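J.: So the sequence lines, in the order shown, correspond to chains A and B.
Going by this note's numbering, 380 is the number at position 380 of the first sequence; the sequence numbering is gapless.
Going by this note's numbering, 859 is the number at position 859 of the second sequence; the sequence numbering is gapless.
Simulated from the structure, these hints should not be mistaken for lab results.
Keep in mind that the hints are not guaranteed to be accurate.
[Unchecked claim] Result set (BS3-like, lysine-lysine): computed pairs, CA atoms no more than 27 Å apart in a straight line:
| hint | chain 1 | residue 1 | chain 2 | residue 2 |
| --- | --- | --- | --- | --- |
| 1 | A | Lys-298 | B | Lys-51 |
| 2 | A | Lys-378 | B | Lys-349 |
| 3 | A | Lys-337 | B | Lys-133 |
| 4 | B | Lys-133 | A | Lys-21 |
| 5 | B | Lys-390 | A | Lys-355 |
| 6 | B | Lys-51 | A | Lys-21 |
| 7 | A | Lys-406 | A | Lys-388 |
| 8 | B | Lys-313 | A | Lys-240 |
| 9 | B | Lys-133 | A | Lys-103 |
Computed from a prediction, not measured in an experiment: that's the story for all the values here.
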Amino acid sequence: MIHSLFLINSSSDIFLEKHWKSVISRSVCDYFFEVQEKAGEAENVPPVIHAGHHYLINIYREKIFFVSVIQSEVPPLFVIEFLHHVAETFQDYFGECSESAIKDNVVIVYELLEEMLDNGFPLATESNILKELIKPPNILRSVVNSITGSCNVGETLPTGQLSTIPWRRAGVKYTNNEAYFDVVEEIDAILDKTGSVVFAEIQGVIDACVNLTGMPDLTLSFMNPRLLDDVSFHPCVRFKRWESERVLSFIPPDGNFRLLSYHVSAQNLVAIPIYVKQNISFFETGSSGRLDITVGPKQTMGKTVEAVFVTINMPKVVLSANLTATQGNYTYNPVTKTLVWDIGKLSQQKLPNLKGSLTLQCGAPKPEESPSLNIDLKIQQLAISGLKVNRLDMYGEKYKPFKGVKYVSKAGKFQVRT
Amino acid sequence: SSGSSVNIHASYLLMSVLHRNEDLREMLESTKESLKLEAMKRIVGLIARGKNASELFPAVVKNVASKNIELKKLVYVYLVRYAEEQQDLALLSISTFQRALKDPNQLIRASALRVLSSIRVPIIVPIMMLAIKEAATDLSPYVRKTAAHAIQKLYSLDADQKEQLIEVIEKLLKDKSTLVAGSVVMAFEEVCPDRIDLIHKNYRKLCNLLVDVEEWGQVVIISMLTRYARTQFISPWKEDGIFDENSEQAFYESDEEKLGTPQSKPYIMDPDHRLLLRNTKPLLQSRNTAVVMSVAQLYWHLAPKQEVGVITKSLVRLLRSHREVQYIVLQNIATMSIQQKGIFEPFMKSFYVRSTDPTHIKTLKLEILTNLANEANISTILREFQTYVKSQDKAFAAATIQAIGRCATNITDVTDTCLNGLVLLLSNRDETVVAESVVVIKKLLQTQPTQHSEIIKHMAKLFDNITVPMARASILWLIGEYCERVPKIAPDVLRKMAKTFTVEEDIVKLQTVNLAAKLYLTNSKQTKLLTQYILNLGKYDQSYDIRDRTRFIRQLIVPNEKSGALSKYARRILLASKPAPMLESTFKDRDRFQLGTLSHTINSKATGYLELSDWPTAAPDSSVRNVEVMEPVKKEISWTFGAASECHVKEWVPSMGKTKPLKSDDKFYSDSGEEEGAGEEGTGSSSEDSSSSSSSSSSNEESDSESEDKNSKHSEETDSSQSDKSSGHSDKKKADKKKRLQLKKKAKKAAPKERYQMHRPPTHHPLTQELWNLRTFTPKMVSSPVFVPMSSHELLHRMTGKGLAAQYHFPRQPCIYGNKMVSVQLTLTNSSDHTLEDISIGEKTSSGQNIHRFSSIERLEPGASVTVSMGIDFNDSTQAANFQLCTKEDQFSVSIQPVVGELFLPVTMTEQDFRKEQGKLQGMNETSATITMAPENTSNQALSKKMVSVANMGVVPTGEDSLYRFAAKSVSSGDLVLVSVDLTDSSSGRLTINTEKTVIGSMLLRDLKTALAQP
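Using the sequences and the accompanying hints, generate a full structural model.
T.: The structure is reproduced here in structure tokens:
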């Protein structure tokens, strides 16, 4: 399946290569570089490239291209999903998935890649199992290792591999037993010029951090499970019980994991927490334009909207912006042509406003296109869909765990057209 | 001097490189583990950066047998990378792996096989083959998984091994472990995807296991089952002609043919077809996007049309994932939405474009929106398109204009609206937008040439300002084609073109020549001179094409003596009415590829693409998937054992004392067959059971419902259905017994290393076996073994024995050859490909024991095995008996080392006798120790079972609850060995052994103590 992997940084250096079958010369990447050059921006590089006798399937993450070499038919999503999994594993192990982190930990990276694929087919990919096979680096151990000569590699077979629960290792022990659940919702919306909703939906996830001793069996129930239109589960969730009772019943993996992703459909009315009044116009003459944006809270369910950002990608002819913000700060980057207005908290009393003039390139025609506004925001202690966790019960263990649920709503792909 | 300094510099560099590697070499050869490890880490760093480190091979390979696991792993990484280049040196490491293949730790066995099979050195192919065959019958599913991977490696190294590898695949396909399933199907797909017959018997099992297989395996299995189903079931698309938007497509041809034939039987879906659809559906909820996509494509290719709708929600969900995932999913939706727009229409807004999407995502969304357009939603879509036209991304704006053109041709209601909209775009400031509009308008006008002279005039006016060649060429073509509608403007445009002809692009020049020719034919009075001027310019143009075209046109339109009959038809040729171009989706023919495949993505056949066959016209025999009860025994038995390895002794023990051996037998079967599958199906229900009773209600409920589900589907599939077994149908008993006998025979061969089984002497009639358990606990004076462990020990491995394999086993029977001897059973197997002759034990024994040899075996055919008995007088010591196993050609030194418990024969005596004898053996003849016992061993039967499994002893009945007594005598000297266990509380007690043979007494004490402490 996956023949080789090359990691390429933004300056087109191949800084790591790994082959699971016979060695393939790195010159195969030339095809990639060619396409990359044509595509211009990294995001525009097509994920699947036909390269002579090979196929290159790549992903772009954290400024790194993960380019895998494929020799024969394989579902492309299989490879893409796996590459993302590799990136996430690096993130998990090193705290970040950056070029320097990978270079600093090249031995662990190699050991991981060795375990994750055998002959190009995934072997051990569950984080719980990998961590038993190869211990993540930490400063203390690297010191100890260098003194005692002990190693990163686990001595025993990971128990999970053979247990009926492949995602959980046996013999987990904690002095403080805790289970935390974060309900995170993102609003994807497109608003048109007049502020009316073209499209809106809510994407949610429940991320869990479970540190529980032994083999706990958890049941999480909701006040309003019917709200969830479409769901996808961590493999630990018992599908049958969800089908019949709409409760999440599962033996959790140890540590952090994503329990559930869900979708609240566009058919349900989605509350839009803010409104935006905007007017961006360019004059026929004088090479200038005007900008006037006001942001205000709308359906916030009594919570405060915070961390509000407005980002605008201006047309190329806009040279500079001379604006005044009644709240927060704005910056205009004349190279990327991005205007960012960091508003902060929204208050009901005084609506933040950004107003002023834009200077255009001399002699250039008035831009046709209208830039759109991308909004970022955050609301603590609220799931905008109204989803509420009812209770969490634990079976199978005798102790009383500490349980906690946190809600937060954010803007996802939230766009206002002008 | 500068030259020499460069030289010096270069040699310095070279030196430093050499020096550096010299450093590493020294570190590798040091005695310090930490230095070696450090060196290997640096070397791996070199490999990762693509630097050559091959000259360190000799130094590295020495460390292959290192005790340090990390060091060893890094050496493996190195070996796999360079073995191909350094074949001779690589061979040095092979024996290490061969040894590691027999390691008791499955992790080590697995990694040895992984590395051995990754070393691409052709000379070791036979060794790899043997190792794979061996590993395929390993007790650990993890090792078997590695074996499945190794199959593909060996196949790519030497395709000649195909037939043998298929045999291994066939075996592994029967494996019931979810860990193995994905990997073996992967091997199947690579090695023998055409051997669909191998799947029949495993089809239902795969369907049922699917939910519990790891995600990556699911993708592979689903894809294979899609192919399988298309060859085995008849089309479910016949009756429901609900949807036939594109019925002329090849995709449906077979259906239509069938509709034509008088075959009007109502369609009934094969239950196996339904099973596949039902069991894959939950996986649409997987977090793994590849799994969701693979289920989606399965439904698309296999489900009745009205059921395909279930996949849309999940596919739309994937659009929230990474950019690359979106790209693939959108591509597939684009193909689907051409054929079935209905299922995606409710989700239309999910395909709305955001300005932040990358261009290729935008274009795909646009494609889908265009496919989804119909009379009802077109106004919404066009409004959305208007926004896109204004996009800063010009390539996308241009694509939008094309999309508008497509909508206009597909939906006649809006053609005029679209055309007007496009005309408005002609005054756009952006040239790409204008150019694209012109091109699209040209195509649209062709479909509706009437009453559009205004638009043509408008375009002619714009002509001066348009510089994009394609757009200019399009306008010229339009004016030429409809020159009779714009009789005044056309010659003027030609006049302008005559001026600029030399600086135009080729496509513009060609269209100018065309325009000139057409005008010459319709309006020669005004344009004759212009045309000649242009033709003259063309005649001397730099481009071949232009020159050719000019020459051709001149001959065609200007009549002269040389031109033949053709010029008469010039008008008909040039001004023929032309069919309007079709504005079609680029995804129109993509459905010739299976969705979700690489081939579909790149729109051409990728290497190794497996064609999805058309539905068969008549259903093939569906009974091939039935799994018979009797059939599997011969080959499957080792698999039953394989899976049984996970079933611990402890699970087995409780059934020991029961007086219904048949039932316990059943349990054994179902356990071994289903252990893993069943355990996982309940999502860990077994662990719940053991850990708590409070949760059992919920988990049972679940597993019950699942097994019910299964029964209804597969009541015939007895060997995989647990509940069927426990219900104990009487008509199956016979079969079970037969199976058991065969099993037992096979068991000796398969020789599970850790598994204990009650031994039933083959002379017993099956019926008397029911009495047999009782006998173990009733006092009898006959010394017969209470319990015989089935464990065999390896005497000679087939690789070292050149095909001859030998295993030994202690039957715990008094030896018939001599009363001081311990009887030993040898099982000899010929796993080579030729007959072995004259197998015997050599005359010489190196250790001096008295051995009764078995009589020489004249011939042993390939694949055959034989069991023989021999006797050894171990002289009451655990010293190994060394002797030679000879064939006609070879001699192999082997040795049998008995554990202390095998040096006894059981003695049965009364409680009084025991006390009396014990009284005589006090003082230094008594050894004792405090013991702590695993909770599993504290029950009466469990404890006895444990004791008699460790040593061949008889049970002495006692009147006291917490006191257990066992008696035996040593084989050689006949001295009594008395063992008593006095439990002080539930988990601890005192173990006392009284015997004159103090050495074996203390050894026995140690063995028993450890055994009782283990569960």
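J.: Hints broken by the structure, by number, lowest first?
T.: Hint check: 1, 3, 9 fail, others pass.
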